[in-house]
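Participant: Listed here are the chains, written in short residue letters.
Protein chains: 2
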Amino acid sequence: MRKEVLELNVSLLSSVSVVGKKESEGPLGSLFDLRDEDDRFGGKTWEEGESEMQRLAFNTLLAKSGCEDRDIDALFAGDLQNQCVGSAYGLLNFDLPYFGLYGACSTCTEGLILASMALVGGCELCGVVTSSHNCVAERQYRSPIEYGSQRAPTAQWTVTGAGAFLLGKEEGKVRLVRGCPGRVIEMGICDLSNMGAAMAPAALDTLLRFFKATGKRPEDYDRIVTGDLGFEGGAILQDLMRADGVPLGRRYSDCGQLIYDRVLQDVHAGGSGCGCSAVVLSAYYLPKLQSGELRRILFLSTGAMMSPDSIKQGKAIPAIAHLVELEAPNL
Amino acid sequence: MRKEVLELNVSLLSSVSVVGKKESEGPLGSLFDLRDEDDRFGGKTWEEGESEMQRLAFNTLLAKSGCEDRDIDALFAGDLQNQCVGSAYGLLNFDLPYFGLYGACSTCTEGLILASMALVGGCELCGVVTSSHNCVAERQYRSPIEYGSQRAPTAQWTVTGAGAFLLGKEEGKVRLVRGCPGRVIEMGICDLSNMGAAMAPAALDTLLRFFKATGKRPEDYDRIVTGDLGFEGGAILQDLMRADGVPLGRRYSDCGQLIYDRVLQDVHAGGSGCGCSAVVLSAYYLPKLQSGELRRILFLSTGAMMSPDSIKQGKAIPAIAHLVELEAPNL
Numbered sequence: 002m003r004k005e006v007l008e009l010n011v012s013l014l015s016s017v018s019v020v021g022k023k024e025s026e027g028p029l030g031s032l033f034d035l036r037d038e039d040d041r042f043g044g045k046t047w048e049e050g051e052s053e054m055q056r057l058a059f060n061t062l063l064a065k066s067g068c069e070d071r072d073i074d075a076l077f078a079g080d081l082q083n084q085c086v087g088s089a090y091g092l093l094n095f096d097l098p099y100f101g102l103y104g105a106c107s108t109c110t111e112g113l114i115l116a117s118m119a120l121v122g123g124c125e126l127c128g129v130v131t132s133s134h135n136c137v138a139e140r141q142y143r144s145p146i147e148y149g150s151q152r153a154p155t156a157q158w159t160v161t162g163a164g165a166f167l168l169g170k171e172e173g174k175v176r177l178v179r180g181c182p183g184r185v186i187e188m189g190i191c192d193l194s195n196m197g198a199a200m201a202p203a204a205l206d207t208l209l210r211f212f213k214a215t216g217k218r219p220e221d222y223d224r225i226v227t228g229d230l231g232f233e234g235g236a237i238l239q240d241l242m243r244a245d246g247v248p249l250g251r252r253y254s255d256c257g258q259l260i261y262d263r264v265l266q267d268v269h270a271g272g273s274g275c276g277c278s279a280v281v282l283s284a285y286y287l288p289k290l291q292s293g294e295l296r297r298i299l300f301l302s303t304g305a306m307m308s309p310d311s312i313k314q315g316k317a318i319p320a321i322a323h324l325v326e327l328e329a330p331n332l
Numbered sequence: 002m003r004k005e006v007l008e009l010n011v012s013l014l015s016s017v018s019v020v021g022k023k024e025s026e027g028p029l030g031s032l033f034d035l036r037d038e039d040d041r042f043g044g045k046t047w048e049e050g051e052s053e054m055q056r057l058a059f060n061t062l063l064a065k066s067g068c069e070d071r072d073i074d075a076l077f078a079g080d081l082q083n084q085c086v087g088s089a090y091g092l093l094n095f096d097l098p099y100f101g102l103y104g105a106c107s108t109c110t111e112g113l114i115l116a117s118m119a120l121v122g123g124c125e126l127c128g129v130v131t132s133s134h135n136c137v138a139e140r141q142y143r144s145p146i147e148y149g150s151q152r153a154p155t156a157q158w159t160v161t162g163a164g165a166f167l168l169g170k171e172e173g174k175v176r177l178v179r180g181c182p183g184r185v186i187e188m189g190i191c192d193l194s195n196m197g198a199a200m201a202p203a204a205l206d207t208l209l210r211f212f213k214a215t216g217k218r219p220e221d222y223d224r225i226v227t228g229d230l231g232f233e234g235g236a237i238l239q240d241l242m243r244a245d246g247v248p249l250g251r252r253y254s255d256c257g258q259l260i261y262d263r264v265l266q267d268v269h270a271g272g273s274g275c276g277c278s279a280v281v282l283s284a285y286y287l288p289k290l291q292s293g294e295l296r297r298i299l300f301l302s303t304g305a306m307m308s309p310d311s312i313k314q315g316k317a318i319p320a321i322a323h324l325v326e327l328e329a330p331n332l
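For the protein sequence lines, the chains are A and B, in the order given. The opening position of the first sequence corresponds to residue 2 in our numbering, with each subsequent residue numbered one higher. The opening position of the second sequence corresponds to residue 2 in our numbering, with each subsequent residue numbered one higher.
Same shape as in the complex, but just chain A:
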């Protein structure tokens, strides 16, 4: 029988968040490390802009942590673009062993778990970089933003942002204690404008497996945070957890609900995208854990792994949620 939960015990040494204009104007705006006024980051195309966000995020991470790319054993990276080219081009100029990932919006915690496993397996330093870009994602998955298509109330707003993380074994930093990799779950949701509903059952599955395997309860954590279920999916997850007798209550929150002002910024069901959980983890949760304001949290990035073509072919949306348990230093 397999271990559902991996004991990892590594440290999140440093992180960087890079965001676009809308994100910098949101409630967390002042917390992000870097922002851009036109979301192009000096690129000719939105796609170049997304790659530049990744390059900026990782470059700043190296500067911030005072190490060079040749000190890092491996880089785990991914994004939402077809063939993950946002990462391939963005990180091209670094001299680094590269593992390309595709976990849709779950890529941030997928990368954190794989980087931690690499450290347990003997590596010294590993990097994780993920990103998403609103204009790139809307054009690829739905329709170009220039069309001004009306959005459904359950639709989410893909975050323009990139997060970069450096993981190692040094003490005194936020600890990544355990990981619980997600399973692919598909519950029949076919609506591209309601990914929260497609992803909520995946978050449920991972949380229930984690609590069963560890004997922990939601009360053991200061926060239980999902990546981008948004308002729709977040409410569904809370209903499902309550129905399973494991209510999350007030300790539940979601990065997609935190990153925008729902009233002032017209984002409907909240934020989404690989960049969403990455920048909120980096800018909002890691500092609270480092300072001890939060002592222990569960953090799950959630991903909807369909493609536009699979939806046209009548397939439902498969989803996944990877969980990491994070702890304040010296607990």
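One or more of the hints may lead you astray.
Just so you know, same-sequence chains aren't split out, so a pair can sit in one copy or run between any two.
[Claimed, not checked] For lysine-lysine, the following PhoX-like pairs were computed, each having C-alpha atoms within a straight-line distance of at most 20 Å: (1) 22 - 289; (2) 170 - 4; (3) 45 - 22; (4) 213 - 4.
The set of hints was computed from the structure by calculation and includes no laboratory data.
Please arrange chain B on chain A, whose structure you already have, making use of the hints.
Facilitator: Using the frame of chain A, we list chain B on its own:
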């Protein structure tokens, strides 16, 4: 300073290859485990066919190795479809922690390295599944096969095939001794019909780093095998290695050159795709290693990580090559 080469020392316990009609008619045809006469594998679409290949490959792997999905700690999978949906749908029905990968045609060895690192990090059994499908890839990257577009002499033929591998620690099986993860290399090649030229420099980079780090020479290996450089890229790699004073000579071979009969099957520069190196490794090289006919080989899957859109936007093709060193049992 990082270790360029990872000491892994795990075993390839079992593997399965599933191929389409053209592959089953090639020189290795009789060696593959499963084949289909119309490349749809009972699916309504080519995409469903590819997912079914993955399901068949992994299901057969479980049967062959006498274990159940709940015995396996994690599954590493990927393919060439947008958002890697071939794997997401194909492996949906297995009860398994799932790590989605995107390494283009390098995904096979990317998965083998990550699965091995997971084993070193404490897992007991890990699976790797990768696939490609000719009709799916041609429609997505170039043009639907129904158009009958003329192909360039340097163009390769995407293999319809899926390979599945089970890795563990048990002795007496083919050993995966070391891994050398690739770096993203881009040398200015923009021609979608000449991916061999784009990928050869990535294979060169990985091989040179591996030989430098280990002090080994090509003469130390019975074979040095690339995944899908084909005839064009394979010749370029041999020229480049010779120019660097490390000629590969007759011990060099390429899965894309082996899988089809170049004269009788009209595949121009040879086979390619995530499935190419996976099925040739499973059906051709692993048995030769298991029997001791080959004692020690270097195996590199090579990937071209562009997207059709990045090419339209004038970007060159980034490539990567992940290397594993494989050894006969009890050496």
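Participant: Now tell me if each hint is right for this structure.
Facilitator: Against the structure, the hints:
1. Neither within a single protomer nor between protomers do residue 22 and residue 289 lie at most 20 Å apart by alpha-carbon distance, with minima of 24 Å and 57 Å respectively.
2. For a Cα distance limit of 20 Å, the shortest separation of residue 170 from residue 4 across copies, 16 Å, qualifies, whereas the shortest one inside one copy, 22 Å, does not.
3. When the C-alpha separation of residue 45 and residue 22 is checked against a cutoff of 20 Å, the pair qualifies only within one copy, where the shortest distance is 17 Å, while the shortest distance between copies is 44 Å.
4. Only within a single protomer do residue 213 and residue 4 lie at most 20 Å apart by alpha-carbon distance; the minimum there is 11 Å, versus 38 Å between protomers.
When held up to the earlier numbered hints, the structure conflicts with hint 1 and nothing else.
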